[in-house]
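Asks: Single-letter residue listing:
Protein chains: 2
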Amino acid sequence: MANPNDPALHSWIDIAPGSDFPIQNLPFGVFETAERGPRLGVAIGEYVLDLYAVAQFGFFDDLELGAKMPKVFRRRSLNQFIALGRPAWRAVRQRVSELLRHDNPALRNQEEAMRECLVRQSEVRMLRPVKPQNYTDFYSSIEHATNVGIMFRDPANALLPNWRHIPIGYHGRASSIVVSGTDIRRPNGQRKAPDAAAPSFGPSQQLDFELEVGFIVGKGTHLGETVPIQYAEEHIFGLVLFNDWSARDIQSWEYVPLGPFLGKSFGSSVSPWVVTLDALEPFRVAGPVQEPEPLLYLRQLDNHNFDVHLEVAIQPEGGPETTVSRSNFGLMYWSMAQQLTHQASNGCNLQVGDLYASGTISGATPDSLGSMLELAWRGTRPLPLADGSERKFLLDGDRVTMRGYCEKDGLRIGFGEVTGKVLPAPAG
Amino acid sequence: MANPNDPALHSWIDIAPGSDFPIQNLPFGVFETAERGPRLGVAIGEYVLDLYAVAQFGFFDDLELGAKMPKVFRRRSLNQFIALGRPAWRAVRQRVSELLRHDNPALRNQEEAMRECLVRQSEVRMLRPVKPQNYTDFYSSIEHATNVGIMFRDPANALLPNWRHIPIGYHGRASSIVVSGTDIRRPNGQRKAPDAAAPSFGPSQQLDFELEVGFIVGKGTHLGETVPIQYAEEHIFGLVLFNDWSARDIQSWEYVPLGPFLGKSFGSSVSPWVVTLDALEPFRVAGPVQEPEPLLYLRQLDNHNFDVHLEVAIQPEGGPETTVSRSNFGLMYWSMAQQLTHQASNGCNLQVGDLYASGTISGATPDSLGSMLELAWRGTRPLPLADGSERKFLLDGDRVTMRGYCEKDGLRIGFGEVTGKVLPAPAG
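Order-wise, the sequence lines are chains A and B. Everything in the first sequence is counted per numbering that gives the first Met the number 0, starting at 0 for the first residue and increasing by one. Everything in the second sequence is counted per numbering that gives the first Met the number 0, starting at 0 for the first residue and increasing by one.
These are calculated hints, taken from the structure and not from any lab test. For clarity, every value in this text was computed on a predicted model and none was experimentally measured. You can take every hint at face value.
Because identical chains cannot be distinguished in the list, a pair is counted as satisfied if it fits within a single copy or across any two copies.
Straight line, CA to CA, 25 Å or less: simulated DSS-like cross-link-like pairs of lysine-lysine: (1) LYS130 x LYS67; (2) LYS391 x LYS420; (3) LYS130 x LYS218; (4) LYS130 x LYS420; (5) LYS70 x LYS130; (6) LYS218 x LYS70; (7) LYS391 x LYS191; (8) LYS67 x LYS218.
Based on the provided sequences and hints, a complete structural model is requested.
Replies: Following this line, the structure appears as structure tokens:
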């Protein structure tokens with residue numbers, strides 16, 4: 000069988016150069032149209048391959064996907080498909096790759112199957128890809144943690160003493176995770192300016208984005224079980240772009256001592272296509288050197304970072320878009336494997352569909368910072384946009400779009416985007 | 000119709016004086032036996048009333064519970080039943096009350112129905128009552144927050160500046176919430192003594208309990224919606240006892256700046272019977288005076304605290320049990336209504352089955368503290384047990400049992416208990 004990541008593969012579907020979805024990607028998502036209820040799909044060029052239809056035409060019959068096939072392909076989330084296990088994901092991706100190869104007529108030459116199995120992306124509505132069972136947000140970019148420490152604590156000791164020893168993280172709100180395209184309402188909340196006598200309640204004045212990448216757990220554990228670091232990646236299904244919208248004023252008044260709460264839980268956005276860890280294999284890179292060396296349970300060999308180029312753009316209502324940041328997921332100090340092993344190290348049970356976000360991904364340069372907080376340095380260096388306006392934080396009507404892609408040796412696979420527009424706060 | 004809370008009601012089932020489950024309580028839970036798969040039940044005296052069997056015999060036929068009846072009574076959790084809404088919970092509780100009244104022969108005189116509908120509690124296994132969709136842990140006892148502040152921060156400014164303005168809370172781990180009776184494995188984790196040069200990984204040396212009461216959300220909200228304080232209790236289905244097991248050494252090394260994480264997520268225990276807010280109505284009391292007055296969105300009229308007596312007992316392996324604390328849920332500074340309204344104030348969507356825990360419930364006296372941390376004052380005043388041993392924190396083999404009940408004017412309703420035994424940490 001051909002390796003579905005082989006850069007030489009090409010499809011009988013026309014795929015524009017620079018597309019996020021060549022035959023080497025094949026990310027999974029959930030879509031619906033006016034005619035079809037929710038279906039699982041795979042992105043290919045400008046199309047979605049309807050996996051339920053593919054199954055109905057018998058193309059998966061020999062794959063031994065179990066009794067839940069084909070029902071598993073007409074769900075509102077990927078969860079049940081993911082729960083089939085890694086051999087099933089791999090078999091489906093491999094088969095989809097074969098069906099789409101330029102030299103395979105099996106699907107291409109069946110008119111009815113073609114009509115049923117391929118839908119234009121412009122004609123579908125993408126749904127949230129997974130129902131997140133639990134959501135953890137990490138804080139794993141050393142540049143971001145350092146910047147926050149400089150701004151809010153002590154520039155001389157910006158990193159807290161635990162930071163280089165632990166992939167610091169906290170549990171976030173799973174219910175308010177929404178799919179790209181969902182507008183985000185500016186939250187009301189309690190906040191207190193440092194010089195105010197008392198707190199007040201009203202619309203957040205410091206609405207921000209956070210550029211993150213999330214991963215979806217594909218294999219759970221039982222309570223009491225741990226995950227040795229060398230097996231951690233076997234528990235990962237795939238990756239998404241993640242915008243951890245943050246209300247800085249609410250957050251800074253509430254977060255001591257128990258962490259972020261309402262400053263985050265009003266909404267978080269995920270991209271609709273989950274890029275499998277398998278598809279990202281060609282883009283492994285080494286992460287930063289970890290000094291001091293982590294404790295044994297977090298010590299990893301080989302490369303566990305992934306070279307994903309990331310961009311953030313802001314588009315004011317009716318105006319042009321400005322790319323305000325270019326960063327890279329390969330910069331993460333703590334890897335996904337370390338995050339997952341740490342989460343499970345106390346016996347906490349992982350569940351299929353858990354979502355783990357990286358924390359804001361900032362680079363070392365002023366144009367690679369992953370939040371408005373850092374880009375405008377706590378409001379002290381307003382950020383110019385292409386329409387001539389400036390931003391300290393986000394304004395109503397602003398659309399924030401994050402994009403991500405990998406590129407190497409002529410092969411490019413992408414994540415698509417995660418986008419959302421800021422709506423005004425509700426009255427009172 | 001008779002008020003099911005009427006202290007004058009009595010049942011044809013013999014109920015021992017001091018039972019937690021007289022006819023005025025009728026809490027909901029989920030059970031199974033060797034013969035019956037999971038079923039929803041109501042506790043009455045030493046029995047469980049099998050709601051699926053009751054439905055099969057037609058006793059709910061006129062209640063208009065909808066198309067999901069009777070299937071909703073043979074689920075692994077109360078979630079779907081709760082989702083039917085408050086009129087359905089009330090109708091079922093009212094009908095169960097009628098069926099169990101001393102002067103109603105409808106069920107009592109049907110031999111076959113009696114055999115199918117009533118099971119001894121000693122013959123059933125109780126399951127986790129709800130699948131928690133999201134779990135939030137608050138920090139709403141002023142005595143507990145003050146004690147922690149004295150121990151870990153500044154005795155002169157023990158309460159943080161935000162504490163009297165916000166019901167401080169954080170998102171906890173939903174997946175590791177287990178039902179009473181589940182043993183709890185001491186977690187391994189990373190910790191660093193203040194005088195140690197570097198952190199190390201191993202079994203927690205400071206395993207603790209936290210005496211809490213949790214409530215279950217019975218009515219959700221949409222993203223962007225808020226819950227005015229006067230309607231908050233309409234979103235509450237019922238209450239459980241909650242043990243928020245805590246590994247203090249892991250927690251203290253990890254929690255700055257993003258809050259508790261692995262120090263908590265190895266397990267939390269809930270009692271199996273959910274006492275409805277309706278059943279607790281006779282036990283409303285005023286909470287502490289809130290000074291300064293909360294902001295308008297958190298300002299409540301009337302009484303929103305509940306007078307629930309609470310106890311914690313420790314039983315070493317093979318030894319006698321010692322009651323180490325007696326506290327009261329009525330002491331809470333922030334009410335459940337305030338917690339819920341605050342959680343939803345930024346538009347965060349609530350979900351049926353969400354679990355919100357109170358935070359450790361400590362009183363003002365040394366024998367009313369809700370955690371070992373406070374009872375043994377950070378290890379400086381070891382707590383004597385009845386077997387002559389002492390505890391700074393929990394030892395392997397210790398069983399921790401929490402009990403709760405309300406009592407007023409001769410009426411007593413109880414929560415049963417939440418219990419769990421500490422197992423040794425897994426090897427390395």
